[in-house]
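Engineer: For reference, the chains in residue letters:
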Amino acid sequence: MANYSTNEFKAGLKVMLDGDPCSIVENELVKPGKGQAFNRVKLRNLMTGRVGEKTFKSGDSLEGADVMDLEMEYLYNDGDMWHFMKTDGSFEQYAVEKKALGDSIKWLKEQVPYIITLWNDKAISVTPPNFIELEVVETDPGLKGDTAQGGSKPATLSSGAVVRVPLFINQGEVLKIDTRSGDYVSRA
Amino acid sequence: MAIDWQPSASLETLHERARLMAKVRAFFAQRDVLEVETPVLGQGGSTDVHLVSLHTLARTDKGQRRLWLQTSPEFHMKRLLAAGSGPIFQLARSFRDGEIGARHNIEFTMLEWYRPQFSLDQLIDETATLIMSLLPSFPGPLVHYRYRELFHTHLEVDPFTTSLDKLRSLAAERGQMSVKALASEGRETCLDLLMSMVIEPQLGKAELSVVVDYPANQAALARRHQDVDGEWVASRFELYLNGIELANGYDELTDAAEQRERFAADNAERRRLGLPEVDVDERLLAALEHGIPDGAGVALGIDRLIQLSLGKARLEDVLTFSTPNC
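Order-wise, the sequence lines are chains C and V. With full-length UniProt numbering applied, the first sequence corresponds to residues 1 to 188, in that order. With full-length UniProt numbering applied, the second sequence corresponds to residues 1 to 326, in that order.
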């Protein structure tokens, strides 16, 4: 991979830092009145998802990371690996480890497209769509007529996620959920 | 994608900017400081190792020549001083390659002025008076700090005597730089890092902070003197407001031979670092040899001051067109 100098650091650029692929979030030039200039860089570690700050001398460089985001549909899991297929018509499949799925494991639904982040052609993270429609498989019976009042109860969804839903929701209903917050949005 | 042609600053801000610029000119007119305009291009450039100069090729009366876009109007203004101009000021377009960010723009406006016979303290007071006159409300009192004292207060180390190993590990920890990257760096980089990342953000809070007695190797074009502890320090100051460096002033070096040595040392350091050398300004050296009056001079980033005065988040908010938008 090519090397990138601090003045080429832009949000979204993928670089290697301490052996892990990272995505640059922010890059700010810091310079004393006289003297050496530095770049204060905010990076997201793509293996752990953690965001940290690091300082570089201006002009220093980092090796680029061979990272790609691809859209793939979820197919199935075999108990060991989770299998996805590219949506570009190639039918090419990728097996994803549990570690790479992280929290996304609770938002999996067959035939839904996910963004799979590949590093050196290996899946390192899975991002679900912002909104997903899932069926309620278990919840307390709905309270008839209670469509306006506040109050909520837990509901288990077909993907295994447990979310807070309004009291009037019944088992078997399909709900629209915001995967970023885990919040109920509406009936689908 | 549609091409963004709109100005970086709002039209309302440009009216405010014009009003503040008029105040600057009135401030100096009242004090009988002459406004001058010197060239952006020069046959010599700044040798400062930490500045990257832009240059261009021009067809001159002597054939094709490399001309340097000035990183500040200092050299030309000193030639005016040598010619007997008396006190002068300038709002000068200046250029520093690669400097883009919330507080930087490659092309920017420097307010620079020179005061023959002024002491550094007199110039500090005048600079603080000007800054306060351009702010919408009183920023707090002017508070003096010595460079050394700031390191004692904020980091419990001494910039002159603490071991390099200790400074490196502190710079790694507090400046969030990798230990490996710092292993080959000297004192200056460690001090610059700690100053920029740890100390500067704490300066100019509910006050106008002025820092003096910088290490002697950061003298640039300022004189050096021994401080009260007997350390050699640079006779210069920096002024800070809201953690932002606004001004940089010198008790001006007037010794041509020493100036020539410093230029040569800069270029030697440039060779060592694999950086391009910069043509030394022989006309400046000739003017120093002729003699310039003792005195003090200061450069103030007027775009930054306008940014602070108007409460804007980024420098580009007060520029008609920032470099990425030019």
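Since the hints were derived computationally from the structure, they do not count as laboratory data. For glycine and all other residues, C-beta sits at the position ideal for the given N, C-alpha and C. One thing to keep in mind: the hints can contain errors.
[Claimed, not checked] Now the stretches of chain V that chain C is said to cover, found in silico as 3 or more residues with beta-carbon under 8 Å: (1) 88–101; (2) 168–177; (3) 181–190; (4) 282–293.
Engineer: Look at each hint and say if it fits the structure.
Structural biologist: Each hint tested on the structure:
Counting residues of the region 88–101 of chain V whose C-beta lies closer than 8 Å to any C-beta of chain C gives 4; at least three are required, and the coverage claim holds. With 3 residues carrying a beta carbon less than 8 Å from a beta carbon of chain C, the region 168–177 of chain V meets the three-residue requirement, and the given coverage holds. Counting residues of the region 181–190 of chain V whose CB falls under 8 Å from any CB of chain C gives 4; the rule of at least 3 is met. Here the region 282–293 of chain V counts 0 residues with a CB under 8 Å from a CB of chain C, which misses the bar of 3, and the coverage is violated.
Going through the hint list in order, the structure does not satisfy hint 4, though it satisfies all others.
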